[in-house]
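A.B. asks: Listed below are the residues making up each chain.
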Amino acid sequence: MAMNGGKPRLGCGRLIDDVWASIDQPATIHERSCRDCQSARAALDHLEAVTRSMRERDRGDAAQRPSSRVREAIMAVARAEVRRSRRVPLATTPLGTIDISEQALNDLIRFAASTLPGVRARRCTVLRSPTPQSSPGGPSSAGVVDGGDVRITLTVALSSQVRIPATMTLLRERVGTIVQAQTAITMQQIDIGVEDLYDA
Amino acid sequence: MASDRTASQPESSRGYAPASGPESERGAGPRAGSVQCTSRAAPAIGAPGHQAGAGPALHDLDQATIVARAQNGDVSAFEWLLSAHEGGVFRLALRMLGDRAEAEDIVQETFIAARRSLPDLAAPQSFIPWLYRVATNKCFNLLRSRRRHPAHPDAFDDGSVPAGSHDAFAWGEADPRHQGDTCGGLCQDPALRYEAEAQMRALTGLLQAVPAGPRACWLLRDVHEFSYTEIATIVHLPESTVRGRIARARRILAEGMQSWR
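Residue numbers (UniProt numbering), protein chains in the order written: chain A, 1 to 200; chain B, 1 to 261.
None of these hints come from the bench; they were simulated from the model. Hints are supplied without guarantee of correctness; some may be wrong.
Covered by chain A, according to a simulated footprint, are these stretches of chain B (three or more residues, beta-carbon under 8 Å) [to be verified]:
#1 60-70
#2 77-89
#3 104-118
#4 243-255
Given the structure is predicted, the values throughout are model-derived calculations rather than measurements. A virtual CB, placed ideally from N, CA and C, is assigned to each residue, including glycine.
Assemble the whole structure, with the sequences as input and the hints as a guide.
C.D. replies: Dropping the structure here:
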């Protein structure tokens, strides 16, 4: 065997890559008479058989997965980071302000959208509205959404079986109604992007 | 037998149909905004799932939707992706590094980094190659740090040839009694099953003798079944270089396995 241009070749000059590419096909006239090719085909065929066995075994083998401790550590970090999202004030009481995290509002909007048959909610973004009450040097409003002026952008995938215009109307109504019922927030604007169609 | 076919899913479907073209509609409702329709989604996928708490269960959704939700901060969607792909990432790291604890560290670092970078992923359908790229880079970084410590030498690039493998080597004749009898965990015969397990252990051991670059490319192709194009993206190399590395790894492994034939 020799190396040529970084690609290993057999004694007969053929690239191993070429032997591999045709290994599931009957041997050619050359391969039937070439000892290099015959040996290479047998060796590669054997390697493929062992590799295939390993692939199949891996998929059902619990020992080939990380321990549950790893998943718990990853999810602990994920949940901690989610809790740091912006807040949307819902009401003010003598005891203080009641608010909801932007992430919880996103989850509620995706939930509301996905209750419609043929709609798969994807991303929801609460738009940042102008905040005239913020002033230079004053308290930062970066972590708060104006609860009286909530505007969202929602992307969805739709079933190819639904009529898009009618579904858009229903979708806006559904999201607006559920969010209003759950949080008392009246949506001021709902932009919807249909970014996929799926067969169903 | 592998050729350059489109990769199959490591543990869930990776199929994705191309965009079907834009449509748009402006509807009624509370100050209706824009509606844009840009592509056609993949069929639903099957993998370990969790109830999203909204509409259909996550395992009934297409992967692009699940990735998009995870990008949007949906913890359930992220956990679904973790369940679906932690095994694959772990096996890649384990065979790259040969150390279970280090492989678990790679899984942890990969998914934490992936979660933080998810919002920057432009195309949700490229999530899986993107995830493996993060993991592969972390494996390479760890192997490079090992090379700086003499106690853990590890050949990295294509230049080194493992002991017992040299260009003048001629592949021997196969023992016809053993042709094609490797049957992995599916064998009913205990003797054959034992032999199959021994061959898989031998292959796993041999892998550590393959330089890290070809080893990664071979694992991604022949074990994780990515396409050559996807691997080129994952390892950031031209496809021709990837093909060369895979051929080189196959040669080393096939030679090393010949005593089992």
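A.B. asks: Would you mind marking each hint as holding or not holding in the structure?
C.D. replies: Checked hints:
1. 60-70: holds (count 6)
2. 77-89: holds (count 6)
3. 104-118: holds (count 7)
4. 243-255: Result for this restraint: holds, n = 10.
Of the numbered hints listed earlier, not one is contradicted by the structure.
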